[in-house]
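These are the residues of each chain, in order.
There are 2 protein chains.
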Amino acid sequence: MHNTTTSKYFLATEEKLKRFVVEALEKSGVARGYAEVVADVLVEADLRGIESHGVARLISYYVGRIRSGHLNPSPNYRIVRETKTSIVYDADNGLGHPVSKMTMEAVIAKAEEYGSAFGAVRNSNHYGIAGYYAMMALPHDMIGMSSTNSVKYAAATFGREVTLGTNPFAFAVPAGNEPAFVLDFATTTVPKGKLEVYKRKHKELEPGWAIDSHGDMTEDPDEALQGALLPLGGFGTEGGGHKGYGLGLLADIFCGVLSGGLFGPTLPFADETKEGAISHWFGAFRIDGFRDVAAFKEDMDVELRYYKESAVTRGAQRIMTAGEPEILKAAYNRQYGVPVHEKVWEGLNILADQLNIPFDLAK
Amino acid sequence: MHNTTTSKYFLATEEKLKRFVVEALEKSGVARGYAEVVADVLVEADLRGIESHGVARLISYYVGRIRSGHLNPSPNYRIVRETKTSIVYDADNGLGHPVSKMTMEAVIAKAEEYGSAFGAVRNSNHYGIAGYYAMMALPHDMIGMSSTNSVKYAAATFGREVTLGTNPFAFAVPAGNEPAFVLDFATTTVPKGKLEVYKRKHKELEPGWAIDSHGDMTEDPDEALQGALLPLGGFGTEGGGHKGYGLGLLADIFCGVLSGGLFGPTLPFADETKEGAISHWFGAFRIDGFRDVAAFKEDMDVELRYYKESAVTRGAQRIMTAGEPEILKAAYNRQYGVPVHEKVWEGLNILADQLNIPFDLAK
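If you're matching them up, the sequences are chains V and Z in order.
Mapping of the first sequence onto our numbering: residues 11 to 373, in sequence order.
Mapping of the second sequence onto our numbering: residues 11 to 373, in sequence order.
All the pointers check out, no bait thrown in.
Which copy is meant is left open, so a pair is good if it fits within one copy or across any two.
In silico DSSO-like links for lysine-lysine, alpha-carbon gap of 27 Å or less:
hint, residue 1, residue 2
1, K26, K111
2, K284, K307
3, K373, K339
4, K284, K318
5, K353, K204
6, K353, K373
Quick caveat, the hints were computed from the structure, so don't treat them as lab data.
Generate the whole structure from the sequences, applying the supplied hints.
Pasting the structure below:
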């Protein structure tokens with residue numbers, strides 16, 4: 011058991027946690043191969059310290075929806091369009107992770123042959139962390155990209171309605187000796203979960219995070235939870251909120267509109283259940299289309315070190331580059347155990363009973 | 011003459027302004043065909059209301075540098091690598107606009123054949139507005155992308171040194187009856203020029219725009235001009251500053267590192283003159299690799315209208331989508347004349363005398 015100031019965490023091993031996810035999904039009707047992909051993506055999120063996208067979602071997002079008939083456990087993942095350098099899947103309202111991995115694998119194979127390629131998936135569900143798919147390009151000496159839309163939580167710049175998801179983008183670029191550059195970010199200032207954490211802690215929100223239901227900026231978590239998240243850059247245009255709004259809408263276009271899936275007006279709100287509502291986007295291109303890979307990687311090391319070694323502001327310890335905190339966290343968690351919040355742990359224990367599978371996660 | 015509250019503007023016609031730029035560059039030793047591209051990019055910026063990237067830069071950035079021997083007026087734009095879906099140019103320290111247009115044309119031709127393609131340019135100079143090149147994809151029913159690095163003005167998250175350019179990204183997506191979606195944004199919260207405007211007006215900066223030379227956030231324009239701009243999202247990580255920093259560094263990687271040009275540590279500061287310091291990045295992919303173009307464009311109209319027609323916050327007039335303000339401004343300026351700031355107008359008048367070319371811009 012690992013204690014932080016506010017919550018208790020149990021420590022699991024990576025292998026046991028993955029095995030549990032696989033068994034829970036198999037018992038729910040998901041083919042073993044697909045269940046293994048979901049387990050890999052979810053536990054990767056927990057390893058990287060992105061709790062909100064890890065096993066915490068196993069019950070509510072995946073097993074729960076299969077049980078209630080809102081998610082298809084045995085989908086027919088079907089290619090609906092394919093060219094030399096593009097591929098589009100219909101996910102048949104199945105789990106988002108296996109079809110996303112298949113799509114990114116196809117994108118990488120096409121980029122291997124032609125230099126660059128893109129793909130999309132429609133009629134899908136939550137696919138986990140966007141960075142997982144972008145990072146698939148790294149061992150192929152390619153730059154990888156991914157995006158997904160999501161249920162709606164956020165407002166447009168100058169808007170007071172909830173019209174946009176948190177719509178993340180991820181980009182992964184290999185380096186030499188330095189850890190790869192992996193930028194994976196929601197296009198809202200903060201995720202919805204952050205408002206809930208602040209509510210529990212009775213803390214005021216930072217300006218630029220959210221508006222209330224009238225469209226006015228608020229620092230009250232309760233009012234914000236009735237209102238909407240703000241795009242990266244905050245309220246109005248003074249802090250660049252129109253840039254975050256533009257990126258969020260771009261993600262919805264790349265995912266929903268381009269794939270022929272749901273987008274904007276038809277995307278569900280957080281409290282709605284709509285089947286196959288989510289769409290994803292993927293891309294990859296070869297580094298050696300630009301220059302020799304070895305020289306590129308050497309320069310990437312020079313580039314990343316330049317930022318990491320430059321002088322810091324008062325009170326700051328050091329400068330990181332995108333993806334570095336997650337890599338350090340994953341290395342730590344592999345060594346000392348994957349922290350699972352006590353409430354999540356308890357939920358998984360109950361699930362184990364219900365599905366009649368062993369509950370053995372502890373490190 | 012057109013008056014705003016703080017500045018006077020003269021009104022030019024688009025044609026006369028372009029002709030003037032062409033003649034000034036030709037007299038400076040630039041081939042006519044190349045000069046025409048520069049004129050088109052610069053005047054497009056003025057038409058779209060992006061004064062900072064228009065003819066205001068003709069003297070300082072282009073003619074001035076040719077005169078002082080820092081920019082090559084008759085470069086040998088040379089392909090240094092080419093594959094089915096990629097192309098890299100060395101700009102030979104020439105003007106950035108012609109080589110960027112050539113590169114984006116090649117990228118589009120390759121994407122026409124293979125579905126998607128990317129390109130880069132190194133050893134170049136300022137290329138104007140990133141959106142110009144992304145928009146070149148629109149008539150081909152493709153999605154266009156571009157980025158450039160720039161001289162250094164900004165700090166990394168938790169950094170107090172000037173280590174990053176304003177490094178914009180642009181994305182252009184065609185629609186049907188609605189104006190195309192054109193997102194073109196600097197990855198800093200505001201451009202450097204905004205600090206100078208606030209200094210002249212004796213106004214305080216907004217929080218999240220800049221730090222002083224000690225790395226502390228400042229609202230004093232003088233201190234900020236000695237310090238650094240902040241990434242989109244502002245100071246630290248509370249407002250998502252690490253996302254803007256990540257995007258800015260991604261742009262430097264896509265442009266400088268990928269092209270084999272200058273990047274990070276070797277990029278010049280604003281007060282330094284380094285030859286061929288700037289690099290650019292381009293990309294395009296076909297919409298029909300995903301779905302039929304007509305259906306895509308119909309859905310784009312639905313998507314863009316959804317945001318434009320949704321309810322606004324108190325005091326706001328309406329919600330726009332990216333690129334819309336610039337399209338409206340360009341339509342207005344084509345009708346009523348292109349505004350040229352009186353100081354820029356005066357400078358162009360002096361330049362006309364020096365180069366012995368006619369000064370006839372007025373509408």
